Each structure stands twice: as structure tokens, then as C-alpha cells.
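From the two separate chains plus the hints, produce the assembled complex.
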Amino acid sequence: MDVERRSVAPIIPPVKPRKLAKVPFVELADGRLQGVVSSGSDVERVYVSSIGAGSHGLSCSTNNNRPCGGLRGSYPCKHLQALLDEAVLQYGADRVARYLRIDVEEGRSLTAGLRAHHEPSPAATVFSSFLRHLAYLELPDTTAPVPELHWFPSVGAAH
Amino acid sequence: MLPTQLSALLADPAPGVPEALDLVSSFDQGLVDGLARVSPSAFGGLVDAFAGSPLRDRVAEAADKIAAGSISDEHLFVLAGARSALFGAVHDALLGQADAALGRTRASWPGGSGDAATAANLLAGSRSWLRELAITGWRGVDHDLVTAAGQTIEAALAEPRLRRLATLLDGLAAELRACSPIATMDRLPVRRWGDLWSRAMLLAQDGGRLTPSEPVTGRLLVLGADVHEHATAVQIQVHGILETPGTAPRLVRTSVAAPKVDTIVGPAVWRLFAAHPVLLGALAERLTLDVTDLPLLDSGDLLWSDARAKAGPPADPFATARVLLAGAAAPAVPPLERHPARISEPVFVEGYTAVDGAFTLGDRTIAVDTTRLPSCGPLTPQLVAASHACIGLLRWDDGGWSLQPIAVLTMVKRQPVGVHTTDWALGPTDPKVVKAAAAAGDAVAVLRERAGRLLRK
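Same order as they appear, the protein sequences are chains C and S.
The numbering of the first sequence is our numbering, which starts it at 1 and goes up by one.
The numbering of the second sequence is our numbering, which starts it at 1 and goes up by one.
Extracted from the complex, chain S is given alone in its bound form (with noise of 0.2 Å):
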């Protein structure tokens, strides 16, 4: 990202943003209090937002009978339906600043999308705990209520169409539980809740449908992961650059996702994924990998399988970013994806001054979010202030774009070194690290066999 890109990036705000971040915000006031205590005009700023959308008709026979205190699974699917589309207008609105200010050309959507989940007991049941949660709102939510949910996602984490939905209910749950009772607390997450509990409401009519795919066989070259981590489920998500014969080079992310208990933390996440050393080890050792009739989603996403790859000759990342990241054509986003929190655009950064969490390229400073760096891998907020260049993920929140490191280059020893988050993918490499891994033991296998104790007596 050079000086005049991100010039444009934080030029002008886009414009109305504000307006639909303040309607999204009075709904998000009615999931405070709960839905059985709305006043009647509490949708009256949803209502008329939609006048001139299909949506208008559903939108304001919905608010009419809720604030009439009839609250339906179908009324609360077309409120969170109305609150996705007002954040998929901010998110349209957002990428295409971040994509023009960067010179970057996406896909549109082509349409089409794939079956429908068939477990109809499970998303009824999902539904059926989120307009409770609706109905009580978060300020009534307790132990009880939270506990109810519990046999349904235990069910639905069994079901692998059901993962999405059952991944975020109990994230979603957890955050519940730790805060209980709700009441007595000061400040309330209301916007993220208010995220959550909307596409839990959408995942729970059909359970999220995959996206078209064709097979694609080429070279993927990475730029570096991003890991996504709650209590029980931890995700590692690849951002690289995928070379195919006759075509340009496309972004492209390839994500692996696997439940966890939450006293798995750090450098230990990366056991979990031991049914894949090909991508692991191609991360750690900063390979190229040859993927072979790999199922390419139009989302972007590519479908990993160890199977269909084989690690190439070493890739340094940061050439990667420096010579094909501008040109790079990124792909479209899902229709029902479409929310400011799913922009992680990579961008290659470097000429910057690193002062107090943030980078001044040019006249102009961008926030640096060194809270997401994860907890698996080697790189630090000192790492980063000491930095002369990085690979990072444009993202956007509560009104502001900051920059996420997922690589840097520092100096050691007069020699730049480029520090991952990546790094420890097969197992940590600072002595340190390893004393203490080596201490703590394999987690998953203490547990088990102390299980095993209390089964035998």
C-alpha cells in the first residue's frame, strides 16, 4: 500500500455510513431490552429506511406485529434479514473504497448457490433459543436461559452441514455465559451481539448454503494466516496468491477449522491440525504449494485437501506481496457474507514510521490492531513497532480502518528477518516456547487419559 493509497483509503468517509450505523443501532437498542418491551414506534427509522426496497412491505408488516407483541420466527428472520442488509450496504460501500483506493479489481457475484441443510429439528430448535434470547433481551439473559441452548448445539456441532451455526451459537453463548447475569453489567457489547444473534437468525433457516465451486490446478503462493479463536473452536485462515495456467493471479483464502476445549491455547492450536502437514508444513517452511483439481468456491475460498497438494520450492511471502499483491484480482463476496467485519484485505506495507499502534506512511497514519495477534505464533506488538515492513489485513470497525499484521520484517543482527504468524505451525521454535510446551505436555492426550482414569475407577 503505498502513501497515496492509503491517502484515498482514509480520504473521505463513505457516505452513508452513519445514517445506516444509527438505524442499525435502534434495533440493536430493542435486542437490549427485549423485543416484548419495544415501544411501537422503536422500528419506525428500519421501517421507512426500507420504503424503497423489495423488502418494504416485510419489513414493516414485521416491526407492526412485533412491536404489537406477536413475535414470530418469520417477523424476527425479516428483522435480522433487514439489519444484514443495511451492514451489507456499509460493506459495499466500504471494500469499494478499500478496492479503489488500492487499484483493485474483484469479481462480481455470479448467483447461484448450493442445497439447503435438511436438519429441520435443529435449526427449528436453533431458532427457537434465539427468539427467547430476542424476547428477554440481553439485559434478561441468565445462566438458565444461555444453559438451554446447550443440547441443541451439542447436536448441531455433530452435524457437519450445521457447523457455521452451531460454531457461532456457542461463541455466541460463551460471551452469554461469562457475562451472566447480564444485568448488572456496566456496558453492554451491543453492536457485536446484536451481529451475532442476526446471521445465527439467518444460518438458522437454512444452515448457510456453500457457494458454486470449480476445480482449479496451479501454484498457490502464501502471503500469511489469519487465526480466528473461541473457547471451542479455532480456525486458521490462508491468505495467498493463486497462479493457474492462462488466467491472471487471483487473491484466493483457504481456511482449516477445528473444535477445541478452551484449555487449548497458544503454540498447542496447531496439533489440532495434524490431518493436514502439507498446508502446515508449506506454512512453516514459507513453501510454495501445487494444488491439483482443488474445489475453487466464487467466493474466493479454496477447499483444502492435503490430498490434492504437494509443497513446492521455498516462497518468501514478502516477495510474494511485493511483486504480485497490486496486481492480484480478488473475488467477490457472498451475498450474505456481506459485513464490514469480514473485510481482511492483505496489503504490503512498508516505509512507515511505527509510533504508539500505529504507521505513518506519507501524511497520513493508519491504527494498527496488534490485539489480533494470535496467541500460536511468534509475533509480538514489540515485533511490530520494530518493523520496517509488513503484511497485514485491511479491516474496518465502529467507524475506522486499521491494519492487522499477519508478517514483518525486522532487523536483527543488521540482517532483515521476516517474523509470522505462521511460524510455529509445526510446533514453536523459540527455546523458550518449546520449554514451556514441553512442560504442559500434549494437552489432548493428558485429558484423555486422565478421562480414561475416571472410566476405569
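Just chain C, with the same shape it has in the complex (with noise of 0.2 Å):
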């Protein structure tokens, strides 16, 4: 298939089925891997996490900014591990690792490739940005056609 010539190609791999409850919220933005997290104990508490792209500075601390206690040195908390797990299912490992500009060896996890460092970021940003893209889902359907989603056939059957 010629990528160059063709008006319908696959572009962005189809997103994997994944779990929610666990990482409610993923994405590469802002110059940082973020995203919303389950803690693994208490169902009442969210933690916001997030990697910085080439920096790798760490953060993770629950939404009125009180810091993660499994975040103390440059090793991820489990949060930040759940955090990039569940970003390499959505976007795949190479999305992933050319945004966050990670090297990864040969047959390593992104997490071996990181340089990380404590690095405190406000958890206020990724909450917008998580009601934001809650915001999608708030909006009314519509019954006139959209002619250009032509363009953009579902493809997941055959992956």
C-alpha cells in the first residue's frame, strides 16, 4: 500500500481496549506523559501523575497537591509505573518513547530508560485537561451526516 497516494490510511494505530478503573486518564500533552490514577487501597483517592518529556522529572500527588508517599527518589511510585503501562497500550511503546525521548535497549521497559528525578508538577493542569476530555462526552450526538468521517473508517477488526 502507498501511504503517499492513498486518501484513506491508517495513520494512528487503533486504540486497545483497556481497563479503566485502574487509569481513568492518559495522554502525551504539555510536554509530558500525564494522567489520572487509581490508588491501589483507598477507592476515594486519585492520584495525578506525570513524567516529564525529555527531562523525565517525576511527580505524582493526589489533586489538592498532597505528594505521593511512594515517590521519594528517582524510582517511579507504582502510580507513575501504572501510569506508563497503560500509556504503552493506548499509543504503543514507540509513541511513547519518542515523545517522553526515551532510549530504550533492545528487549529493556521504558521505565530502565528513564533519567528520572523528583520533580513536583501542579496537578491542576492534568485535572482540566481530563475534564476536558470528559467534555467530549457531554456534547449531543448529531443525526445530519459527516460527510469527512469517510476519512476515518473503523479498522479495528482485522488487528
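Among the hints, a few may not be true.
Covered by chain C, per the in silico footprint, the following chain S stretches (three or more residues, Cβ under 8 Å) [stated by the list, open to error]:
(1) 98-112
(2) 134-142
(3) 189-197
(4) 260-267
(5) 337-343
(6) 369-379
(7) 441-452
Worth flagging that the hints you see were computed from the coordinates, not collected in a lab.
Computed from a predicted structure; not experimentally measured.
All C-beta atoms, glycine included, are put in the ideal place defined by N, C-alpha and C.
Written as C-alpha cells, this is what we have:
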């Protein structure tokens, strides 16, 4: 298939279904891999976690900026680990590594390639991104045809 | 589709198509490097091609100005229009070829169009981003340039009249973001991004206009559905045959589209259409639909409303396809939608041999596009390969025709069984998929619950 001469060509690999309860939100934005991670022990607690692109600065805190007790030195806490794992599921390891600028050695995990250090960043921007993301689900559907979507076929079944 | 019809479809490539596509490619190369860097002769071919057209003077002026470094919205609009006109001509040649091969009669476009959208600021904001893209060129696009469209897209999505433009820009932005930095990409989807940019540029003039409609009352027999999806949108486009008193059966489409998030995929997308239980029920259970005073656009699109429809007795789409499809009249295509990517003509095929991703019928072979099988339904490449009858959509891309299956008949325990893309419209029926769906939970509910925890702290 000649991707240069086709109107319809797969550019973004289809997202694989993943369970959302543990990591409801992941995005590559604002120069970070960032997202929202559920606490493993307390159903009422939610963490906002991020890894900086290039800098590999790690941040993990509750929404009111209380720091995560598991994140001390330069090793990602289990929330950051979960964030990275789900990001790989959602975007593929290549895209995550390219965005974070991680040099991945053959057969090693992305975590092994992080030159990580603790670098707290505010949770509020991630939280507002999550709300913006959810705003899509509040928009009404439409019964007027959107012919432009012919360029975007649903392609999952063959994968 | 009979062997002789497939033969006729594939016999002679439509004349002029390769030449038109070459012209498009030279324009698209300008978008790769950026219009700030095009050579003065870059659009010479385009200017010559329009020498005999009413667009002649405007195309020549736009090409001159842009080559001289003066890149205005108006000139970009003219070039986007010229590129779209070339594809319009290609579309007409191809669809004419398909209609002739299939013996399909098509209505001619009656003219007329609805109101323009009034959201001037959002339209101007969209054009401004498209202009930046064109000046910079795909090779120069990075995360910052993609992110610059965020607010405009967000606001446009909330404006119902701009849904087409917003959905298109959001899809294009997501691709550019996923590929950034594009400078390091090996091969770019040059034609695709040229298509999306040009269509967006046209829609950013007036938001796109709805075509005139008339209310219809009758019976809709479903043939099947095509599913369109990107990270933040999904559309179910149902193809069917409309029977109304005193009129010959007509091919129609009806669509429902919903915004979504990237983590809602597979059978979960059907839940986004829960506001249309009559339509989903008829799709899942293969029922006829009685419609009353439903607006039918001149483009052959029924504007769906559950309140104006009632499910009737069962109707096997394969029976509909066998009995009614060959004689059904096809609708006209709105002038601004004429592009080969929109061609999706329903056909019924049987008696073929399925080998290596293609169907051989008589002495001709047509590629079967199983990449377009949607993840929200049970149809798989394996089922297509094992099938003996198929309802599909004729498609055209990169110089060739293909068939996109939307339903197949296969033998299960010596009985023919139909498998349709819409079988899971009321929820999956395959026990394995049901189990996986139950384990994952209702994605929308999970997301809202987690967001609520953040709000309460």
C-alpha cells in the first residue's frame, strides 16, 4: 500500500481496549506524559501523575497537591509505573518513547530508560485536561451526516 | 454484482483520472514543504489545467500571489477549491463508471443549498490555523503548532452547525500530533492530509450547508452499516432502501454520529447511541423500520429521528439486497462532497471464490478491504474469507476499486448464517466479548465516577 497516494490510510494504530478503573486518563500533552491514577488501597483517592518529556521529571500527588508517599527518590512509584504501562497499551511503546525521549535498549522496559528524578508539577493542569477530555461525552450526538468521516474508517477488527 | 458487471467496472480505467491525480500530487507537494517555500513554477500545472474553466483567473491569481510569498485566506481558499474541483471530476468519472457497470440510475443534483453558519470567529480561527499549517508545511509541524488549534476546535465542537468542521479538524490534529515531530517521518500521507486540509478549508468558509429536504413516509429496509471512527468521534452510517407509496425504491443512508474519547472503542461505542433505541434495535434484530415525515435530503440522507420511526417485522438484509438492490435508484451527490473517498455504493455479491484478501467472480478479481471491518461488530477477515455471499460497499482509492464487506453469509453446521457489522448494536452476543465487556465495565460511568473523586478530593 502506498501511503503517499492514498486518501484513506491508517495513520494512528487503533487503540486497544483497556480497563479504565485503574488509570482512567492518560495523555501525551504539555510536554509530559500525564494522567489520573486510582489509589490501589482507597477507592476515594485519585492521584495525578506525570513524567516530563526529555527531563524525565517525575511527579505524583493527590489532586489537592498532597505528595504521593511512594515517590521518594528517582524511582517511579507504582502510580507512575501504572501510568507508563497504560500509556504503552494506549499509544504503543514507540510513540511513548519518542514523546518522552527515552532511549530504549532492545528487550528492556521503558522504565529502565528513564533518567528520572523527582520534580513536582501542579496537578491542576492535568485535572482540567481530564475534565476537558470528559466534555466530549457531554456533547450531543448528531443525525446530520458528517461526510468527512469517510476518511476515518473504523479499523479495529482486523487487528 | 454479476461477473459481467464486475468485468465492466474493472475493464477500462476512467480516462483523465491519472492526469488529474498528478496535478493534485504537485499541489500536495507544496503542502509538504510549506507554501512559504514553493518555487514560482510550483502551481504551473494547476494554472494550465484550469485555463478553460470559470475558475481560470482566480486560480492564476492565487498561484501568482502565493509563489510571490503573499499567502492570504482568500488565495488558499481558491487553491483548496481548485484541488477539490479536480477530485470532483475524478469522483464523477468513477461514480459514472460504477453506475454504468451496475446499471444504476442516479438522480441529478437539483441545485440549492441551506444557510451558512454564522460563527464568524470560529470560522476565522479555523482558517488561521489551516493557513499556518499551509505556510509551515507538514514537515515543519510540531506539537506547538498542533496544540495551537485546541481552543478553536473545542469551541467549534460545542457549536452544532460546525460539527463537520470540528470533527474533521480534531481528526487531522490528532494525526499530526501522533506523528510529531513530522520532520523525522519517513513517508507522509501526502494525499490524505491534502484531502483533509482542503476539505477543512472549504468548510471553514461557511461551515458547510445542509442540502434541501422533503419529508418522506414509508418503509426503510436496512442493507447494513458502515462505521467511521477517530479518537473523538464515531459515526454509524446505515445504508438501506426506502419504499414510499408511488415512488420506485430508493437507495438512502441515515447516520448518527457521537463525540467520544479515545478509550471508548470496540462494542462500547454502541452505548453512545442509546438515545436511538428504535434504530439500534432494528439494526441488531434485523427489522424493517416504518418512518413518518422523516426529512430526506437531496443527497439521499435521511435525517434520523427515533420519534418518527417504528420497528416493523423482520427483514433479512440479504433478501433486501437480492430482491431490491439491483433496481433501486441512487441519489445525487452534493457538489462539495464529490470526492472518491465518499464513494460507498452498496452491492450484493455471491458465487465468488475468496482467495488472499480478494474475491474472484468469473474471470475478474476485486480486492476485499478487510481493514475497514469495524471493531464494534463481529465481522472478521476470517469470516469474510469463509463467506459465500456478501453485502459490501464499493470503494475507490489510489487507482483501484475494492469491496468493503458490511455483511456476509457463511455456512455454520451446513446452514447459511448472516454476520453483520451491526449485530452487536444492542450489546455483544459473543460470550467471550460479553465477558470482556463486563470485566471492563461501562467506560463512560467509570470515567465520570473517577472524575467525581477528583472534584470532591
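Practice task
Output the numbers, in ascending order, of every earlier hint that fails for this structure.
Solution key: 1, 2
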